[in-house]
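Chain residues, written in single-letter form:
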Amino acid sequence: MDSIYIYSLISMGGLAALLAAGLGFAATKFQVEQDPRIDQVEEVLPSANCGACGYAGCASFAEAVVKGDAPVNGCPVGGETVAKNVADILGTEAGKSDQEVAQLLCGGGNKETRQKGKYQGIKTCNAANTVNGGTKLCEYSCMGFGDCEAVCPFDAITMSENGLPIIDPEKCTACGKCVTECPKNIILLAPLSAQNHIRCSSHSPGKEVRKICEVGCIGCGICVRTCPVDAIEMQDNLAVIDYDKCVNCGLCAEKCPTGTIEFNGKLIEHVEINDKCVGCTLCAKACPVDAISGELKEQHEIDQEKCIQCGLCYEACNVDAVDLEYK
Amino acid sequence: MEQFSQVLLLFVSTVLINNFILVRFLGICPFLGVSKQVETAFSMGLATTFVMTLTAASTWLINTFILEAFNLPFLQYVSFIIVIASLVQFVEMFIRKTSPVLYKALGIFLPLITTNCAILGLALLIPLNGYNFISSVVFGFGAGVGFTLAIVLMAGLREGLQFGDVPESLKGVPITLIIAGIMAMAFMGFSGLISM
Chain A
1 MDSIYIYSLI SMGGLAALLA AGLGFAATKF QVEQDPRIDQ VEEVLPSANC
51 GACGYAGCAS FAEAVVKGDA PVNGCPVGGE TVAKNVADIL GTEAGKSDQE
101 VAQLLCGGGN KETRQKGKYQ GIKTCNAANT VNGGTKLCEY SCMGFGDCEA
151 VCPFDAITMS ENGLPIIDPE KCTACGKCVT ECPKNIILLA PLSAQNHIRC
201 SSHSPGKEVR KICEVGCIGC GICVRTCPVD AIEMQDNLAV IDYDKCVNCG
251 LCAEKCPTGT IEFNGKLIEH VEINDKCVGC TLCAKACPVD AISGELKEQH
301 EIDQEKCIQC GLCYEACNVD AVDLEYK
Chain B
1001 MEQFSQVLLL FVSTVLINNF ILVRFLGICP FLGVSKQVET AFSMGLATTF
1051 VMTLTAASTW LINTFILEAF NLPFLQYVSF IIVIASLVQF VEMFIRKTSP
1101 VLYKALGIFL PLITTNCAIL GLALLIPLNG YNFISSVVFG FGAGVGFTLA
1151 IVLMAGLREG LQFGDVPESL KGVPITLIIA GIMAMAFMGF SGLISM
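Residue numbers (my numbering), protein chains in the order written: chain A, 1 to 327; chain B, 1001 to 1196.
By construction, these hints were calculated from the structure, which means they are not laboratory data.
Some hints here could point you the wrong way.
To be verified - Computed from the model, here is a short list of chain A residues facing chain B with C-beta under 8 Å:
1) Met12
2) Ala16
3) Ala27
Unchecked claim - For lysine to aspartate or glutamate, the following DMTMM-like pairs were computed, each having C-alpha atoms within a straight-line distance of at most 20 Å:
4) Lys1097/B / Glu63/A
5) Lys1104/B / Glu33/A
6) Lys1104/B / Asp69/A
Don't be surprised by glycine CBs; every beta carbon is placed ideally from N, CA and C.
Chain B on its own, in the form it takes in the complex (with noise of 0.2 Å):
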């Protein structure tokens, strides 16, 4: 019971308190990028917390079982790296094949999962922080929520905003900046949540 809360705290910390986005500021390309649209920005923070979820999953797998066992904690950037890759050309792959509308709306972003530092990020902070399995899937699960939390907030608001009367100099990504900014304070307000 103890281990679940545990699970339970970690998820709500990641999610909320420590969000990849706003406090770790870690994926900020895809999160203006591809926040243009609700829609669009929930699909591209499912995909994304699809591949978090698998990274966390193999990179765990990995570092324990090869990295760790075999003394060789200096290839984890290139590990991490090739995994990465390679599960995001699988959700690729995968989101061609099922659903054409959603591969075309995410277009290159999809492939820049790939090159998304939250992603990376990740898979570094699981060794760093010594997690075990359960802990780092719940992590990666995590990860990938806040992210999509961060996004669809933040695509929501610029849905509204397009209708706003922003002065003409903070049109487009200013704009969005400012808010990034202000939603990171808000967020701020979760920190003293849990004592982790």
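Bound conformation, chain A alone (with noise of 0.2 Å):
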């Protein structure tokens, strides 16, 4: 009777043998080229096909958390570390200049603006604001209770002593939470890149700003003019930054006369052009200043006392013939 095993054995695996074949072959004949992040993102996922996240199943979700109709965190089965491995997926792939994280549009903590009262309710910002705006004198300003700390899926955000939230930008997954948590519309989303923020909010006259806060804008408009490509804008007596024109310069930031501006980046100090220059004159067109002279196809200079070190002459520079030396 042993021939009923081996006759099991020889048709189930023969049988098995037979179909992988043909699917094996079927899948190289019918197969769809599709983004090779979607299978790796697909990985990371539980597999466990729920259809928590609101889509048929993990292949449907990961599809869609690559083309960006779905958020990185999307997946409530698999929490924290699979966002997190999503992230890391999609945000290498991505580039830098593409991935955003939150930025908190006021500087203004309990040191540096006035109160104009204690608050004794519920401590969160949005109990507080329905009350009386929070416990600050500045309408616009940070409350400082937490909610956005709160509401990060990521743990990002830590509030300070001063009583503002601090962001970690190697946390923080630009999930946008917290941007629409904040009661005062004063989180939003800056490419991780830009090393300029205007901290505050505030429209107020700069006559007010001054008197209840020391680090808000007074709407001087020295920065508006200062930026060499026209990124900041007065917009209701508060300087707008644009992110998309923004050159991370800094110059703004040095020039602010309250500090409202923060710069992370390097200033630069001195321009040079090397001998490396064909003279395509790209940066003499770049240059917001006309610091640089030269000929078609000769060696151009820069005018020292005309330059204002804004650095976009290197940017335009095909040929590395630019020197920035940085402070």
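Got two chains here, each in a separate frame; can you build the complex from them with the hints?
Right under this line is the structure:
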């Protein structure tokens, strides 16, 4: 009766092998080219196919995430670790420029901004905001009860002793939860590469701002005039930066009389054109103050008296002919 | 000629009298899940029909030339499931390549054809009823057509129902199940059509 085992094994094994070969052939024949990230994302998902994310299964969720239709933390089963893995896959692929991070547009902590009184109600920003707009005299300022900290699913926000949220750019995934949670609407998503931030949201006239906050924007407009690329605009007594235009030169931060503008990058001290210059005139066209002169196909020179050290020529040059010295 | 009429009768009886969904109550899951739009329901029906016909043919071959020949009927379930799973995989790849829109519309229900009891039921009914090869294929095809018919009818009703005044408590699945029950009763009317 041993033959029954052998027959079973052979017939089933043969059948399985045959089908496997057929499927293998079909897989190559009918292969559909798709974004390789979809497979990568699918791999880090829990593969439960539960549909809790609102999509038909892990595969369709992965597709939606890569497309940008679904949030990276949209998988409730996987939680934080999966969200982080998905973000890693998309983040590294998307490149730094597309990555965003939450930024607080208020620099007025408990030290800098004057208080109008004490608040003893429920300790959340939303509750305090409905009562009388928080304890600070500035109606635009951060109230410091940490609603953003509570809502952040990635623990990227911690409240400082000064009563302002500190956002950890490493942990922040730009999910935007804090942006919607903040009752004062003073958190926004900015590109990770952006180094200049105007840390004020007050539309009050400069005189009032001066009275109640040490670091508020007084609407003097110096930054608007300083900016070589017109990236800053005055909107109702408030300087607003356009991150798409900003070249991160840091000139505005240096000129700002109240220290409202924060600059995290390196300031340029000296710009020089070296002998790699092929005379393409790209830098001269890029220069906002016409400090670069030179004939076509000849080495260009920078007039150091006119130069404002914005670094635009460095960005424009294709042959590495512009040398920057940082402070 | 007699054989032809026999086959035709088998086809009609499979589609109407022994309809897989409404009389045998097999494959209820996609019947409820994909019957929201006539178009997707029809595509689902087509995919299922395709899988059912191929399953019928291949299971008959396997059953006759492997399982019965070597006296291994106890392997029916295992082998049929392997065959169905591979066929569904194949259909999935095929649809994905040829019609991404359809692939998206069917969504999770396409791989779920694997676990559709209607397909395994069909595969197991073939040796049980002792059909020959042609009858098996016709039986499989008929079962698929019956499935398509039921699911498309249901989708049509549900599309119309979207504008109907349905009581709050019956909205969604409850009213669908009630409709399915009434449809099943209506299909009972076919039972006297042919005596087989």
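These are the hints, each one checked on the structure:
For Met12/A, the suggested interface contact is upheld, since its CB lies about 6 Å from the closest CB of chain B, less than 8 Å. The interface hint given for Ala16/A holds, since its Cβ lies 6 Å from the closest Cβ of chain B, which is under the 8 Å cut-off. At about 6 Å, the closest approach between the beta carbon of Ala27/A and any beta carbon in chain B falls short of 8 Å, and the interface hint on this residue holds. Distance restraint check for Lys1097/B and Glu63/A: the Cα-Cα separation of roughly 16 Å lies within the 20 Å cut-off, and the hinted pair is therefore satisfied.
A threshold of 20 Å between alpha carbons decides the hint, and for Lys1104/B with Glu33/A the separation of about 16 Å falls inside it, so the pair holds. Between Lys1104/B and Asp69/A the alpha-carbon distance is near 15 Å, which keeps this suggested pair within the 20 Å criterion.
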